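Read top to bottom, the protein sequences are chains H and D. Anchor point for the first sequence: position 71 equals 71 in the working numbering, and the numbering is continuous, going up by one each time. Anchor point for the second sequence: position 41 equals 41 in the working numbering, and the numbering is continuous, going up by one each time.
It is worth saying that the hints were derived from the structure and are not from the lab. What you are looking at is a predicted structure, and each value in this text was computed from that prediction instead of being measured. Hints should not be assumed to be uniformly reliable.
Unchecked claim - Restraint-style ranges between C-beta atoms, simulated for each label pair: (1) Gly72(D) to Gln71(H): 36 to 44 Å; (2) Gly16(H) to Pro81(D): 50 to 58 Å; (3) Ser26(H) to Glu14(D): 34 to 42 Å; (4) Gly53(H) to Gln80(D): 40 to 48 Å.
Said to hold, decoys possible - To give a feel for the contact side, a few chain D residues facing chain H, derived at Cβ under 8 Å: (5) Gln41; (6) Gly53; (7) Asp56; (8) Leu91; (9) Thr102; (10) Leu105.
Positions of the beta carbon are idealized from the N, C-alpha and C atoms, including for glycine.
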Amino acid sequence: AQSVAQPEDQVNVAEGNPLTVKCTYSVSGNPYLFWYVQYPNRGLQFLLKYITGDNLVKGSYGFEAEFNKSQTSFHLKKPSALVSDSALYFCAVRDDSGAGSYQLTFGKGTKLSVIP
Amino acid sequence: EAGVAQSPRYKIIEKRQSVAFWCNPISGHATLYWYQQILGQGPKLLIQFQNNGVVDDSQLPKDRFSAERLKGVDSTLKIQPAKLEDSAVYLCASSTRTSGITGELFFGEGSRLTVL
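Could you build all of it, start to finish, from the sequences and the hints given here?
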């Protein structure tokens, strides 16, 4: 079974400061890891993914995430937060077994509030 | 490029009534997904179609939920009879076969169901 934990329900950060949204995962095989963002009354939007290769992956809107296999983590980061980054962020995982539906398992989400 | 279209956006019904949600995926996307997002939780996959065939419906409560994608394009998700715990946002997503394998799904804005 695969699972994702997002330990923080909410993260508050001042505009211009760096931000981190935490994610840890559990999967039987090698992980495929993802971050999605959900703005109010909107659907989820894909931000970035890690499949293989460089542990630091870059995505949309200046976001990046660092894969750490020993800590089973995939934290989302941005060097300088914008008020427009305020949204709900979901981490997701699936294994690389290639079997079945490639089902994504999502975390419960972390609400990011960037304070002007 | 038009995104994933869903309707209705909002629906309020009483328990034991029935409801249906409609989804039109992005043109050319062979894979279609229905997710259930309960408040405070991450999205949970209900059913995945590849063209008009079901790939995964392991988490679909088949005693009350049904879904179809007859011509491999539009899809309908039905709940009959509804229970209070079905109150959620029902998200439709689509992908190409390739983007689905790499986890990049395109989500609609969702249909919010309230069961009284």
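How the hints compare with the structure:
no.	hint	in the structure
1	Gly72(D) to Gln71(H): 36 to 44 Å	holds, 43 Å
2	Gly16(H) to Pro81(D): 50 to 58 Å	holds, 52 Å
3	Ser26(H) to Glu14(D): 34 to 42 Å	holds, 40 Å
4	Gly53(H) to Gln80(D): 40 to 48 Å	holds, 47 Å
5	Gln41	holds, 5 Å
6	Gly53	violated, 12 Å
7	Asp56	holds, 3 Å
8	Leu91	holds, 6 Å
9	Thr102	holds, 6 Å
10	Leu105	holds, 7 Å
The structure fails hint 6 only (numbered hints given earlier).
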